[in-house]
Each structure stands twice: as structure tokens, then as C-alpha cells.
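Reconstruct the complex from the two isolated chains, following the hints.
One line per chain: the protein sequences are A and B, in this order. Residues 1 to 112, numbered by this note's numbering, are exactly what the first sequence covers, in order. Residues 1 to 114, numbered by this note's numbering, are exactly what the second sequence covers, in order.
Simulated from the structure, these hints should not be mistaken for lab results. Since the model is a prediction, treat every value here as computed from it, not as a measurement. Some clues are possibly wrong.
Below, computed lysine to aspartate or glutamate pairings styled on DMTMM-like, alpha-carbon distance capped at 20 Å [claimed, not checked]:
#1 K52(A) with E66(A)
#2 K104(A) with E44(B)
#3 K57(B) with E68(B)
#4 K83(B) with E44(B)
#5 K3(A) with E44(B)
#6 K104(A) with D11(A)
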Amino acid sequence: DAKTTQPPSMDCAEGRAANLPCNHSTISGNEYVYWYRQIHSQGPQYIIHGLKNNETNEMASLIITEDRKSSTLILPHATLRDTAVYYCIVPQSTGANSKLTFGKGITLSVRP
Amino acid sequence: EPEVTQTPSHQVTQMGQEVILRCVPISNHLYFYWYRQILGQKVEFLVSFYNNEISEKSEIFDDQFSVERPDGSNFTLKIRSTKLEDSAMYFCASRARAGTDTQYFGPGTRLTVL
Numbered sequence: 001d002a003k004t005t006q007p008p009s010m011d012c013a014e015g016r017a018a019n020l021p022c023n024h025s026t027i028s029g030n031e032y033v034y035w036y037r038q039i040h041s042q043g044p045q046y047i048i049h050g051l052k053n054n055e056t057n058e059m060a061s062l063i064i065t066e067d068r069k070s071s072t073l074i075l076p077h078a079t080l081r082d083t084a085v086y087y088c089i090v091p092q093s094t095g096a097n098s099k100l101t102f103g104k105g106i107t108l109s110v111r112p
Numbered sequence: 001e002p003e004v005t006q007t008p009s010h011q012v013t014q015m016g017q018e019v020i021l022r023c024v025p026i027s028n029h030l031y032f033y034w035y036r037q038i039l040g041q042k043v044e045f046l047v048s049f050y051n052n053e054i055s056e057k058s059e060i061f062d063d064q065f066s067v068e069r070p071d072g073s074n075f076t077l078k079i080r081s082t083k084l085e086d087s088a089m090y091f092c093a094s095r096a097r098a099g100t101d102t103q104y105f106g107p108g109t110r111l112t113v114l
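Chain B with its partners taken away, still in its complex shape (with noise of 0.2 Å):
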């Protein structure tokens, strides 16, 4: 069965470094979305992208946050200047195309900010 991978598992970085967490899409979907998750807290929508281009995004997803889709199958995530409020799970999400809001989402990267 088809599924979301990301990559890395966990990573941690010194604070104000940059990071780039990356996803690997279902093939063939075309509606790509980025989540985060605060230990102990709500999952919470950062970002979604359609089209090579951003669909909508957060109040959380400032100038430090980009997204980009670099070839067919990646999905990336970079943080330019990382905080330590940062720390957080991140979730790649994808869905098929409208008419369905199914998302499926990877197993999530683990960034430690230090």
C-alpha cells in the first residue's frame, strides 16, 4: 500500500541553524500539506501547497519557514533560522485531488532544537 515517508527520523540542530525536512508524496497526488505537533499539543496545520505554489498557510508559518517541491517526488520543509520553539514533530501530509479531503500523513520528523 502506498504510503508518506520522511526523512529524518528525528534531527537535532543548534539554534539559528537551517534544516530542511523532507517528504516523499503517494505518487500521484497532487495536494501536499505540512503539520506540526508540539509536545502534548494539537496538531496544527502550517502549510499546504497545489500547483508549485502555496494554497494557504498559518500564522505559525512566518518568514522562516519555505516549502518547495523540488523535483516529481520530493516535498521539503526548510527552516531557515531555527528557534527553540521549533521543537516539534512535523507531519508531510498529501492528498489525491478535490473532491476528496483524505490526507495522508508520513510518520513524522522529530526536530530538537538546541
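Chain A extracted, bound-state conformation (with noise of 0.2 Å):
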């Protein structure tokens, strides 16, 4: 897979936006960056995937440079529920195998 690298925390007010960056540098031009979550224990969840143009959703969007060699997600208007490790992932080409390699994602912290 393709690595990424995350600082390994932000915080952000409630109400306002989160902004997490993630660099993935070694990117190939097929390759897409996703985007899970996980909340304490729970299983990660899916939040959103992107190719080259920037992507919105009912969660969050995408912004992806034009080299692709970063990414933005952004959570318009955070919660305390938001509260998680948010990891950035580029998967090798979808195929039969197409697992997802973790890394130690970023720990968002969203305060009162």
C-alpha cells in the first residue's frame, strides 16, 4: 500500500470544522485514498473514498490536491460525537485481495 503519514492528534471546537490533513507522497495514479474512522472499540467505519476530484458527502469532504500527493478530510460542523482516530488509507489497486493496511491514524478531539 501506499504510505500516508498523519500527525498523530488534532482538537477542534464543536460546532466548528475539523480539518485533517494526510500526505501520501508514493500515491500511484490509480490508487485511491480512503478515509475510515473508529470510535473507542468499535469496528472502523467508513467515511468516504477519492480518486482526484474532491468528493462530499452526507460525513464529511475530500479535497485532494492536484498532484495527489495530500489530502484534506473535513467535517464541516464537528460534534463531540466526531471525537475519534480518523486514518487515511491508500489501498493497493482494488483485486480479489484489497486489504486495508492501518496505520495510527489521527486522534481528533472535538471540546465543548
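This is the structure in C-alpha cells:
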């Protein structure tokens, strides 16, 4: 898998936007960027993914730089329930295996 | 919304005993996975399963581990002779098809080996 680098932690105030950065400078042209989160010890939860274009869904927005070497996950109005570990993952190309390799992620703390 | 389910939520066993962890993947998904997370550590890939056979397994997935899809809905992980170091959260995941990497995870089974 392409290696990703995330800061270990960040915090933001409730109601404000949380911008979570990720570097993936070795990403290749057909590899997607995926974001998952894990709240406490629950199962990882899929958030969003993208290839080149910015993506938005009901949970978050994903901004990918033009050179695709980095991306930012944006939670537009963070709530206390968004406190979690967020993982930026670049899986190997889709195929039979397509396992996910989790790093340490970034711990987001949303403060009241 | 369809989801992956896992049972039991917590399993306590004695060292050397066999355990079976059960998962019901999302209906019509074709690819199945087991991951584990030792307390305080990263989520680690164990095994992937497609078309009734193992696609890939990690170094962790030794001869003590096996997986099975006994019927059209369940996907199981068996640990033949549990060790203390097998204590962890075990997560099942499923994926719809080739062409997407999106995996959906279950809530996990906490395995405690005494």
C-alpha cells in the first residue's frame, strides 16, 4: 500500500470545521484515498474516498491536491460524537485482496 | 441500511480452548475479511476470503487460525488453541465486488483469553 503520514492528534471546538491532513506522496495514478474512523474500540467506519476530484457526502468532504500527494478530510461542523481516530488509507489497487493497512491515524478530540 | 454483524460481542475463554467467532457480512457482498486489534495497537489484517477460498493471509494467520463460509450468510474465524496473546478485538469486514476497495466493518468481538 502507498504509505500515508498523518499528525498524531489534533483538536477542534464543537461546531467548527475539523480539517484533517494526510500525506501520500508515493500514491500511484490509479490508487484511491480512503478515510475511515474508529470511535473508541468500535469497528472502523467508512467515511469517504476519492481518486482525483474533491468528494462530498453526508459525513464529510475530501479535498485532494492536484498532484494527489496529499489530501484533507473536512468535517464541516464537528460534534462531540466525532471524537475518534481517523485513518487515511491508500489500499493496493482493487482486486481480489484489496486489504486495508491501518496506521496509527490521527486522534481528533472535539472539545465543547 | 445493511450492516455487518458479529457474534458474540465478548468471548472469554481459557488458554488452549477453541473459539469460533461469527460474522454475517452484508448480503450480496463477495469479499470477506478478518482483522484484529490488540488493545492500544493498530488494526491488523488477518485474512481475506473470496470465492470460497483464502485470497491472502498475514503472518499472524498461522495454522491455529482457519476461516469458513459454512452457508450463504455466515463467515467464521476459528482459533484452534487459543493463546494469551490472541486476546484482542476481532473485526469482520465485507466488500461488494472488484472495482471498489470500500470495506464495511462489523462492531467486533472482544476475545479475552485467560
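Verification of the hints:
1. K52(A) with E66(A): Since the Cα atoms of K52(A) and E66(A) sit roughly 7 Å apart, the hinted pair holds (cutoff 20 Å).
2. K104(A) with E44(B): Judged against 20 Å, a Cα distance of about 11 Å means the pair holds.
3. K57(B) with E68(B): Holds, because 14 Å separates the two Cα atoms, which is no more than 20 Å.
4. K83(B) with E44(B): holds, 17 Å
5. K3(A) with E44(B): Distance of about 15 Å is within 20 Å: holds.
6. K104(A) with D11(A): holds, 16 Å
Hint compliance for this structure: no hint is broken.
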